[in-house]
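J.: Take a look at the letters that make up each chain.
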Amino acid sequence: MNHSKDSCYQCGLPLPRKPFLGKALGKDASYCCYGCLLAHEITGEKGEEGEAMWIFARLGLSAFFAMNVMMLSYTDYFYPFEKNVSLVINYIMFALATPVMFLLGTPILRNSIRGISKLTLNMDTLIVLGTFSAYVLSAISTFRAQGKVYFDTASMLLVIVTVGRFLEAGAKARTSESIKELLELSPKQATVIRDGVEEVVLVEFLKKGEIIKIIPGENFPADGEVIEGESSVDESMLTGESKTVFKEKGSMVFAGTVNLDGRLIFKATNVGEEMVLSRLCSLLEEARKSRAPIERFADRVSSFFIPLTVIASVVTLIVWNFKSGIDTALLNSLSVLLISCPCALGLATPMAIWVSLGRAAKEGILIRTGETLEKLSHINKILFDKTGTLTKGNMELTSIFVDSDSGISESELISISASLEANSEHPLGKSLVEFANKRGYVPLPIYQFYVSPGMGVRGKIGELGDTVFIGSRGFMEKNGLEFTKNILEEKTKEESRGKTVVFCGWGKKVKGILGFSEELREGAGDTISNLKDLGVEIFIITGDNKYASEAISKGLGVEAKSELLPEDKVCVIKALKKTKGLTAMVGDGINDAPALASADVGIALGCGVDITRESADVSLLGNDLKKIPWVLQLAKKTRMKIKENLFWAFFYNTIGIGFAISGTLKPVIAALAMILSSLFVLGNSLRLQKLKINN
Amino acid sequence: MSPDGNPFNIDESPELSARVLSDISVSGPVLAFFTSAVVWLLIGTVFGLTASLKFNFPDWLASLPALTFGRVRPAHLNTIMYGWISLASAGCSIWLTVRLCRVEVRWRKLLYPSVFFWNLGVLYGTIAILIGDNRGLEWLEFPRGAALLIAVAFVCLSLSILRTFHARQVKHIYVSLWYILASVVWFPILYVIANLPFYSGVTQAAVNWWFAHNAITVWFTPIGLAAAYYFIPKVIGRPIYSYYLSLLGFWSFALFYNWNGIHHLVGGPLPTWLISVSIVASVLMFIPVTTVAINHHLTTVGHFGKLRYSPTLRFVVFGAMCYTAVSFQGSIEALRSFNEISHFTHYTIGHAHLGMYAFATMILFGAIYYTMPRLVKWEWPYPILIKYHFWLVAFGIALYVGSMTVGGILQGLYMNEASRPFIESVEVTKPYLLARSGAGVLILIGHLIFIYLFCLMILRRGPERKAPPWREKMEVVAP
Amino acid sequence: MSLPLAGLILILIALIGGTMAMVAFIWAVRTKQFKDLNAGAYIIFDEEEPVGKMTDNTFGFPESEKSNKNKKGRGEYESRW
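Residue numbers (my numbering), protein chains in the order written: chain V, 5 to 699; chain S, 294 to 772; chain P, 32 to 112.
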């Protein structure tokens with residue numbers, strides 16, 4: 005929760021000119037309204053959890069009052085009171101209903117006023133019209149000692165609507181201060197060299213131009229330029245590149261990335277807020293703030309329905325005035341307003357959403373809000389990050405080529421190279437060893453082992469007299485190994501397929517090629533085709549190089565944009581958002597966080613880093629890509645359900661309005677309609693649990 | 294198991310110590326409560342059977358004023374309510390409180406006086422009834438002196454429980470604890486108000502029945518439910534099906550119960566609106582009752598096989614089901630249309646016993662069967678006798694309630710027929726009253742078996758049976 | 032005491048009771064009694080008596096039905112019921 009000076013401590017909305025002052029955690033805090041102040045006093049919580057608790061407390065208290073009102077009302081229905089008893093009972097009900105109007109009605113009233121000031125009519129306006137008119141009418145009847153009272157309708161309506169709101173609030177997953185986590189990628193301390201002496205300082209005190217030393221395994225504390233040393237660096241979380249990057253004198257390094265195998269000394273060029281990492285944070289923050297809520301479906305329906313209701317009410321007022329006088333006219337016209345707002349309306353959306361969210365959760369899909377679910381039903385474009393999303397994020401050994409002139413077999417090559425790489429920290433080396441283990445190889449003893457960072461490894465193995473070399477082309481050439489024609493031909497072939505190529509050789513000759521490619525996730529292909537069947541346009545956006553990107557996108561039959569920085573990804577999304585329909589983004593790495601935040605719906609895979617999960621609208625626990633088309637279908641079916649619910653709720657309504665206009669609306673019918681339509685909505689929504697969703 | 298292989302190293306399991314320590318800290322007082330409860334169970338059952346037999350043999354023992362129906366029946370009611378059920382509930386509530394707060398009991402010194410004054414009060418009151426000094430109000434027959442003693446005793450109990458609650462070592466208050474707390478706070482207040490000397494006439498009647506019903510809903514029912522909510526999941530080994538629902542049940546329970554009492558006076562000379570409201574409230578009670586029923590049932594479903602293992606489970610599940618039954622029965626009984634038939638008949642007695650026996654007493658049996666081994670560190674000696682106890686009283690109460698229900702309905706129907714002479718409504722009940730006495734015999738035998746077993750436990754006699762390993766550890770903690 | 036007066040006192044008691052219930056409810060919300068409801072249901076268990084383990088076998092029912100069927104005579108404290 006943003007505790008800047010301009011927003012309310014409790015809810016985060018902007019502060020008015022004269023904020024309410026209170027205390028939070030011992031320090032002074034400002035609130036936007038008395039409600040938030042009270043909320044914090046009572047719940048001691050802030051943010052979404054505090055919201056939910058506050059609604060719950062108000063709900064509990066109001067339920068107490070409302071149920072007592074109901075009890076008294078029902079008594080009157082079944083065993084009608086005598087006139088003088090009725091008068092007293094009405095006052096009691098008035099006393100009981102008033103707190104309900106305050107506790108539950110005022111926030112809804114506030115919301116609807118806010119909406120009206122923006123010239124939109126939403127659900128809240130409808131609810132306010134119904135309940136406050138019922139309450140006022142009943143109060144008038146009470147004090148005039150004649151006429152019917154509808155305190156039960158007014159209070160129960162508010163309770164049920166708030167229950168709906170509470171369900172929605174409770175369904176939100178907990179968010180955390182995820183921006184801070186991003187900054188935690190950067191280490192807390194760094195080793196600087198000042199005047200030739202090594203010192204350990206806190207990262208906050210790093211100055212631009214300082215000389216910093218970094219050893220293998222550490223994270224870079226600042227952006228900079230290498231002045232001494234060589235190493236491989238893992239930049240995947242920042243740029244999304246699958247390959248490790250070789251850094252030497254003159255290369256740029258970035259804060260937050262991981263130094264793999266060499267010692268480096270670099271000069272800091274950007275520290276603190278100027279680091280690429282920090283810029284990512286602000287990108288993320290901005291993207292979050294700029295999200296506008298969509299107009300909820302129920303609101304759209306309401307905006308159409310309310311004017312109709314008001315017209316019907318006015319017509320009733322006029323007609324009955326001429327027919328039977330102002331008293332009856334008032335009564336009937338207010339009855340129209342009253343009956344037009346059944347509980348079902350308040351429940352139609354939340355119920356269906358609640359059931360859906362529950363079902364999704366069972367499948368390991370955490371959907372953050374009901375709004376997200378509604379958005380999902382409109383998605384017609386999906387962008388996928390490549391590394392770690394469509395692919396597993398690691399390299400897989402996919403081809404082995406042995407020079408036919410070399411005189412060794414494939415398994416010999418594997419055996420020798422895997423034995424040498426047995427202790428390697430390098431991802432490619434590990435991948436090779438994994439492959440060999442699957443083949444069941446027996447490791448040969450190693451006598452020497454040297455690492456040339458960013459180039460390769462060499463050592464002596466078993467009975468082989470010569471030193472074995474494994475590494476890049478440059479490494480081989482530097483150590484005087486000859487490339488045969490076969491090898492060169494194969495190399496070209498592999499590279500054009502987008503593979504990463506590693507050479508292995510000894511005795512002055514390169515003997516074989518190991519080709520690595522990215523491992524696709526299981527189900528990636530099926531997912532893409534399912535989504536295409538659903539009519540969704542698919543794109544791949546990645547920070548990786550063109551060849552690696554093409555290797556994947558061609559295989560899946562999808563368009564791809566490669567070599568994108570995080571800012572570029574956001575631009576792509578922004579451009580797509582301008583077209584019709586909503587856009588979703590699927591990602592996992594930190595570099596995806598701003599993109600996920602700027603898309604209409606951001607979907608994070610379970611393998612992703614915490615911050616991505618926290619800033620995404622949908623979190624997939626686990627890595628099953630097939631859940632994505634599943635959840636789109638769920639969203640569509642839920643939208644259908646909501647429409648069904650609303651349709652039937654209005655159907656009952658309309659009948660009720662008919663009664664009201666004709667002047668024959670009895671409170672009993674109103675109550676019955678309320679219960680019936682609520683039960684229907686409940687039952688219909690529960691069917692979502694069992695609904696078949698094909699995949 | 295500690296590194297040196299010693300299986301009884303307590304330090305490795307602090308939670309065991311807390312639970313064991315709390316059991317030990319309350320064992321004295323709880324045993325005192327249970328023992329005196331069991332004594333009153335015997336006395337009350339004898340009174341009950343005697344009263345029932347008087348219907349079949351009206352002249353039996355008619356020469357002894359103390360044993361006339363008009364005295365024996367209230368003696369039965371009070372010794373059972375304030376003696377057996379109250380004392381057993383008191384013991385049960387303390388034991389549950391320390392378990393759920395995970396502390397040792399506080400203000401233990403108040404509990405023994407509580408037992409003493411309580412028993413003294415009930416004794417004084419019972420004797421008063423038998424010699425004819427009866428205030429004439431159902432559930433409030435005891436002279437005010439006896440009521441005062443009981444009130445004082447109850448307050449001592451409440452204070453101890455509240456102080457223990459204050460010292461709790463748990464953050465979450467389990468639903469059973471909510472029921473117990475509500476009960477020990479409210480019941481003394483209600484008891485005192487009911488016994489004040491300010492009322493007369495219709496007012497007195499209204500207060501009388503308002504209280505009588507509250508005794509059930511604020512004292513007996515909460516403790517029974519608290520026990521059920523604890524023992525059912527604890528014995529089976531799985532948590533309550535929907536904990537959220539149980540809390541909803543508690544809070545909605547707190548809402549409605551207060552209006553219910555007047556439903557005992559349907560058709561009486563009270564303002565119509567008051568009676569109407571109480572009827573509606575009584576019907577609305579089915580909401581919390583349903584939540585309780587759903588919970589208990591769905592927690593047990595799929596595990597009914599476990600009833601073969603545990604007597605506690607049998608008694609408590611039986612009791613919990615009967616709670617649902619008696620509550621629904623009560624809601625319907627409150628409706629004027631039904632009440633016209635059932636009021637002033639044996640139907641009401643059947644309903645009362647469905648609640649006080651089939652629900653409250655059975656659950657208390659279950660509670661005692663569970664807690665006793667943990668208090669006296671001895672296993673129940675003859676399980677087959679426990680089985681006899683269960684089946685005897687189960688059949689007994691079924692026969693009782695069945696006969697009184699049918700008999701009562703017939704009685705009421707006959708009474709409502711203006712053409713029928715009154716005597717016919719009496720005649721028609723005779724076979725059912727005989728069946729009721731038969732049921733009473735079964736129940737008495739069952740109780741005798743229970744009392745025998747209880748005595749064996751207190752004295753730690755009978756064949757020694759092996760306790761489960763974790764209970765053996767108790768010996769090591771506190772030999 | 033007249034009926035209206037008694038009625039008044041009754042209502043007073045109901046009000047006090049209601050207020051106490053409300054205060055208790057707010058207190059419960061404040062002390063987070065309604066948070067993490069699932070955990071609340073588990074509070075009756077502990078290390079020695081965990082979920083899944085029955086805590087009462089007074090009838091000494093044998094662990095497996097099979098062993099019971101094979102026995103010729105019944106054990107000392109076993110029974111068909």
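Honestly, the hints are just simulated from the structure, not real lab data.
Cβ atoms here follow ideal geometry from the backbone N, Cα and C, with glycine treated the same way.
Just to be clear, a hint being listed does not mean it is correct.
Claimed, not checked - One-sided excerpt, in silico: chain S residues whose CB lies under 8 Å from chain P:
| # | residue |
| --- | --- |
| 1 | Arg312 |
| 2 | Leu430 |
| 3 | Trp432 |
| 4 | Pro436 |
| 5 | Arg437 |
| 6 | Gly438 |
| 7 | Tyr467 |
| 8 | Pro526 |
| 9 | Ile533 |
| 10 | Trp544 |
| 11 | Gly595 |
| 12 | Lys599 |
| 13 | Tyr602 |
| 14 | Trp673 |
| 15 | Pro676 |
| 16 | Leu678 |
Stated by the list, open to error - List time: in silico DSS-like cross-link candidates among lysine-lysine, alpha-carbon distance up to 30 Å:
| # | chain 1 | residue 1 | chain 2 | residue 2 |
| --- | --- | --- | --- | --- |
| 17 | P | Lys66 | V | Lys550 |
| 18 | P | Lys84 | S | Lys680 |
| 19 | P | Lys63 | S | Lys670 |
| 20 | V | Lys558 | P | Lys63 |
| 21 | S | Lys759 | P | Lys84 |
| 22 | S | Lys464 | P | Lys84 |
| 23 | P | Lys63 | V | Lys366 |
| 24 | V | Lys495 | V | Lys385 |
| 25 | V | Lys582 | V | Lys495 |
| 26 | P | Lys63 | S | Lys723 |
| 27 | V | Lys396 | V | Lys212 |
| 28 | P | Lys63 | S | Lys599 |
| 29 | P | Lys66 | V | Lys694 |
| 30 | S | Lys759 | S | Lys599 |
| 31 | V | Lys385 | V | Lys442 |
| 32 | P | Lys63 | S | Lys464 |
| 33 | V | Lys366 | S | Lys464 |
J.: Each hint should be assessed against the structure and marked as holding or not.
T.: Each hint, compared with the structure:
The interface hint given for Arg312 (chain S) is met, as the beta carbon of that residue sits about 6 Å from the closest beta carbon of chain P, less than 8 Å. For the restraint placing Leu430 (chain S) at the interface with chain P, the shortest Cβ-Cβ distance is roughly 15 Å, beyond the 8 Å limit, so the hint is violated. With its C-beta approaching chain P no nearer than about 17 Å, Trp432 (chain S) sits outside the 8 Å limit, and its interface hint is violated. The beta carbon of Pro436 (chain S) is not positioned within 8 Å of any beta carbon in chain P (closest approach about 20 Å), and the interface hint is therefore violated.
Hint status for Arg437 (chain S): violated, given a least beta-carbon distance of 16 Å to chain P, over 8 Å. The beta carbon of Gly438 (chain S) comes no nearer than 22 Å to any beta carbon in chain P, farther than 8 Å, and the hint placing it at the interface is violated. Taking 8 Å as the C-beta cut-off, the interface hint given for Tyr467 (chain S) holds, the closest approach to chain P being about 5 Å. Checking Pro526 (chain S) against chain P: minimum C-beta separation of about 6 Å stays under 8 Å; hint holds.
For the restraint placing Ile533 (chain S) at the interface with chain P, the shortest Cβ-Cβ distance is roughly 5 Å, inside the 8 Å limit, so the hint holds. Annotation: Trp544 (chain S) was flagged as interfacial toward chain P, and the flag holds, the nearest CB pair being 7 Å apart, inside 8 Å. Restraint check, Gly595 (chain S) versus chain P: the minimum CB separation of about 13 Å is more than 8 Å; hint violated. Using the Cβ-Cβ criterion of 8 Å, the hint placing Lys599 (chain S) at the interface with chain P is satisfied: the shortest such distance is roughly 6 Å.
Interface hint status for Tyr602 (chain S): upheld, as the beta-carbon distance to the closest one in chain P is roughly 4 Å, under 8 Å. A distance limit of 8 Å between C-beta atoms decides the matter here; for Trp673 (chain S) the minimum to chain P is near 5 Å, and the interface restraint holds. Given the 8 Å rule on beta carbons, the hint for Pro676 (chain S) holds: about 5 Å separates it from the nearest Cβ of chain P. For the restraint placing Leu678 (chain S) at the interface with chain P, the shortest Cβ-Cβ distance is roughly 10 Å, beyond the 8 Å limit, so the hint is violated.
Between Lys66 (chain P) and Lys550 (chain V), the direct Cα distance comes to roughly 50 Å. Violation of the 30 Å bound is thereby established for this hinted pair. For the suggested pair Lys84 (chain P) and Lys680 (chain S), the alpha carbons sit about 23 Å apart, so the restraint of at most 30 Å is met. Restraint check: the Cα-Cα separation between Lys63 (chain P) and Lys670 (chain S) comes to about 37 Å, which exceeds 30 Å; the hinted pair is violated. Taken as a hint, the Lys558 (chain V) and Lys63 (chain P) pair is broken in the structure, with Cα atoms around 54 Å apart against an allowance of 30 Å.
Distance hint between Lys759 (chain S) and Lys84 (chain P) is fulfilled; the C-alpha atoms sit about 18 Å from each other, no more than 30 Å. With a C-alpha separation of about 24 Å, the suggested pairing of Lys464 (chain S) with Lys84 (chain P) holds against the 30 Å cut-off. For the given pair, Lys63 (chain P) sits about 26 Å from Lys366 (chain V) by alpha-carbon distance, which is consistent with the 30 Å threshold. The straight-line distance between the Cα atoms of Lys495 (chain V) and Lys385 (chain V) is roughly 37 Å, outside the 30 Å bound, and the hint therefore fails.
Distance restraint check for Lys582 (chain V) and Lys495 (chain V): the Cα-Cα separation of roughly 43 Å exceeds the 30 Å cut-off, and the hinted pair is therefore not satisfied. With a CA separation close to 58 Å, the supplied pair Lys63 (chain P) and Lys723 (chain S) exceeds the 30 Å bound. About 37 Å separates the Cα atoms of Lys396 (chain V) and Lys212 (chain V), which puts this hinted pair outside 30 Å; it is violated. About 34 Å separates the Cα atoms of Lys63 (chain P) and Lys599 (chain S), which puts this hinted pair outside 30 Å; it is violated.
This hinted pair checks out: Lys66 (chain P) and Lys694 (chain V) have alpha carbons roughly 29 Å apart, not beyond 30 Å. Using a Cα cut-off of 30 Å, the hinted pair Lys759 (chain S) and Lys599 (chain S) holds, with the two alpha carbons roughly 20 Å apart. Simply put, Lys385 (chain V) and Lys442 (chain V) have alpha-carbon atoms about 39 Å apart, too far for the 30 Å limit, and the pair is violated. Simply put, Lys63 (chain P) and Lys464 (chain S) have alpha-carbon atoms about 9 Å apart, close enough for the 30 Å limit, and the pair holds.
Annotation: proposed proximity of Lys366 (chain V) to Lys464 (chain S) holds, straight-line Cα distance about 29 Å (limit 30 Å).
Hints 2, 3, 4, 5, 6, 11, 16, 17, 19, 20, 24, 25, 26, 27, 28, 31 from the list above are not met by this structure, while the remaining hints are.
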